[in-house]
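Engineer: With our numbering as the guide, the letters of the sequence shown map in order to residues 1 to 317.
In case anyone wonders, no lab produced these hints; they're calculated from the structure.
Don't take each hint at face value.
[To be verified] Straight-line Cα separation of at most 30 Å, DSS-like style, residue types lysine-lysine; simulated pairs:
(1) K44 to K254
(2) K80 to K59
(3) K66 to K34
(4) K59 to K111
(5) K131 to K111
(6) K88 to K111
(7) K131 to K34
(8) K198 to K106
(9) K42 to K281
(10) K198 to K111
[Said to hold, decoys possible] Pair by pair, the computed Cβ-Cβ distance ranges are:
(11) S273 to K88: 33 to 43 Å
(12) K111 to D259: 40 to 50 Å
(13) N270 to T156: 42 to 52 Å
Note that the structure is a prediction, hence the values are computed from the model and not measured.
The beta-carbon is built from N, C-alpha and C at its ideal position, and this holds for glycine as well.
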Amino acid sequence: MKKFLLVTILVAFLLLQGCDLLDDNNPKPEIPGKIVFSTNEKTKEPQVFKMNTDGSDLKNLTNFGKYSAFDPSWSPDGAKIVFTTTKKGAVSSDAIFIMNADGSNKRPMKKISSDLVYLGGNPVWSPNGSKIAFEDCVACSGGGINYEIFVYDFETDSVTRITNNYWKDRHPSWSPDGSKLAFSTEVAYVDSGLSGFKQDIYTLDLESRALERITESGNATDPNWSPDGRFITYQTAVGGVQAYLYDYETNGHKLLLPDFKTSGDVQWSNDGSLMLIQASKYERATDQSRFYKFTEGKYELIHIELKPARGTFKWFN
1 MKKFLLVTIL VAFLLLQGCD LLDDNNPKPE IPGKIVFSTN EKTKEPQVFK MNTDGSDLKN
61 LTNFGKYSAF DPSWSPDGAK IVFTTTKKGA VSSDAIFIMN ADGSNKRPMK KISSDLVYLG
121 GNPVWSPNGS KIAFEDCVAC SGGGINYEIF VYDFETDSVT RITNNYWKDR HPSWSPDGSK
181 LAFSTEVAYV DSGLSGFKQD IYTLDLESRA LERITESGNA TDPNWSPDGR FITYQTAVGG
241 VQAYLYDYET NGHKLLLPDF KTSGDVQWSN DGSLMLIQAS KYERATDQSR FYKFTEGKYE
301 LIHIELKPAR GTFKWFN
């Protein structure tokens, strides 16, 4: 049986802009922080794991047995993790849970009743930690596929529906100041009948409700803002999944890792100078995906042998 590995690359972001600031004589920077991600390499069902960015101190945080856990996301202070799970979720949807960063005190994000919890997926914390944005399939129980974006407010224990239409709005991401959400949507392709096949990245101003289109490729998803708000990374799925960078100042789009066959989820360092990118040199990420760190144009393998599973990884640093 072929061994599967999960690949992440550390990218010196200034090098992506053509600034060769480092040479071979300079020491490579250490990778700060911790990573959470989902894998089923060591468990029957995908579970949420945490480890240091050098691959050490690997821990299974969920241990839900027959239930899956995936799509983990850090709170801004690194004290808690929100994630999606099939535990206590309906057949047609999943539930959102929160736990402490060490895996303790697992509980639903919101309870509807003593027996029911709020459903949804792809949760992500707001920059100030007061809210969680997520997606939910509002018509899945009836056989539909109408995904919408919602926001949970910790202070009021309430959920607000952000989008309300009959197409898919998915993968929310907060702007650094919390005033906007970026997400993937089929809105541009509804009239042409291609809404089930194409999607692009848009941003929504939560106060003015102004909608801005970021991509026009028809295959963009999973946006993620840079800490200064200038850039948005996203993925496309033409000729293999690839990670791209959108620049607000130039309106330009840049392929981040042209030497790799696939590159996926992107995470930023707090100062915006580094990125972690899940990537593979093979046609399919699941064929040989590994953790790499990438600095000064050179790749260095971090030996973590884990099979990629549902969802993305998140970096706290």
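Engineer: For each hint given before, does the structure comply? Return the numbers of the non-compliant ones in rising order.
Structural biologist: Hints 1, 8, 10 and 13 contradicted; others consistent.
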